[in-house]
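K.L.:
Using the sequences and the accompanying hints, generate a full structural model.
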Amino acid sequence: MNFTRCSFLGLFSLLAGPVAAQVFTIPPGAYRTAAAYHRKQPQPAGINAFYPDKRGQLVVVVPRGPKTAKLRVAPDSVWGYVSGKGRTSRLFRNEEYRLEHADTLCVYTQSSTTVNGALGGANGDNTRYFFSRGLTGLVFPLTTRYLREAYEASNPNFVAAASKLRIDQSLVDFDRKTGLFRVTTLYRDAADK
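The sequence shown maps to residues 1062 to 1254 in this note's numbering.
Keep in mind that the hints were calculated from the coordinates and are not lab data.
All residues carry an ideal CB built from backbone N, CA and C; glycine is no exception.
One or more hints might be untrue.
[To be verified] With beta-carbon atoms standing in for the labels, derived distance ranges:
#, residue 1, residue 2, range
1, N1218, Q1118, 39 to 47 Å
2, Q1102, K1254, 33 to 41 Å
3, A1135, D1236, 13 to 21 Å
4, E1157, A1130, 35 to 43 Å
5, S1224, G1145, 35 to 43 Å
6, G1240, Q1102, 50 to 58 Å
7, K1146, Q1118, 14 to 22 Å
8, P1127, R1227, 56 to 64 Å
9, G1145, A1252, 19 to 27 Å
10, Q1102, R1227, 40 to 48 Å
11, P1105, S1231, 36 to 44 Å
12, N1187, R1093, 24 to 32 Å
13, R1237, P1202, 37 to 45 Å
P.N.:
And the structure:
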């Protein structure tokens, strides 16, 4: 009896593993507004989402019984989407930005692969960083100049701290202990003053 019970529990844990792996903190799907994203209410909800397809549309994969269906959504009708891997992307002015940090100062990335074959160089990943004021603000390149323009009037302590970075420091340095970029740490520190 004990062997049967242990075997059953072992089999159950093997079957429950994939189900437990699909617990989402923010459900996958398309988000019409930043407020819907904040409330974790995708429309439509699905098990995966990606952008763009061959038609330039946002695709949400939706379960339909044992099968799935692909719903296509116009990218200009949504704020963004969350993929099946839990990655959030914002669609802004026909560009896709991956949300790295969401707060009153949001940090985004865009990646592109460069090929330098003509120059004899190596292929490489080129990650560019951007920011916005909140989830609905305009998206700007993450530079000291744009931070100054966006925050000089409302948060001069933050602008001063960002302007005082040493040459060996970057706004996008990432601290694994806190899970924050240097720019978000400076922003939070300035808010505490």
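K.L.:
Decide, hint by hint, whether the structure agrees.
P.N.:
Now the hints, each set against the structure:
no., hint, in the structure
1, N1218 <-> Q1118: 39 to 47 Å, "43 Å, holds"
2, Q1102 <-> K1254: 33 to 41 Å, "36 Å, holds"
3, A1135 <-> D1236: 13 to 21 Å, "38 Å, violated"
4, E1157 <-> A1130: 35 to 43 Å, "23 Å, violated"
5, S1224 <-> G1145: 35 to 43 Å, "41 Å, holds"
6, G1240 <-> Q1102: 50 to 58 Å, "25 Å, violated"
7, K1146 <-> Q1118: 14 to 22 Å, "20 Å, holds"
8, P1127 <-> R1227: 56 to 64 Å, "58 Å, holds"
9, G1145 <-> A1252: 19 to 27 Å, "34 Å, violated"
10, Q1102 <-> R1227: 40 to 48 Å, "43 Å, holds"
11, P1105 <-> S1231: 36 to 44 Å, "39 Å, holds"
12, N1187 <-> R1093: 24 to 32 Å, "31 Å, holds"
13, R1237 <-> P1202: 37 to 45 Å, "24 Å, violated"
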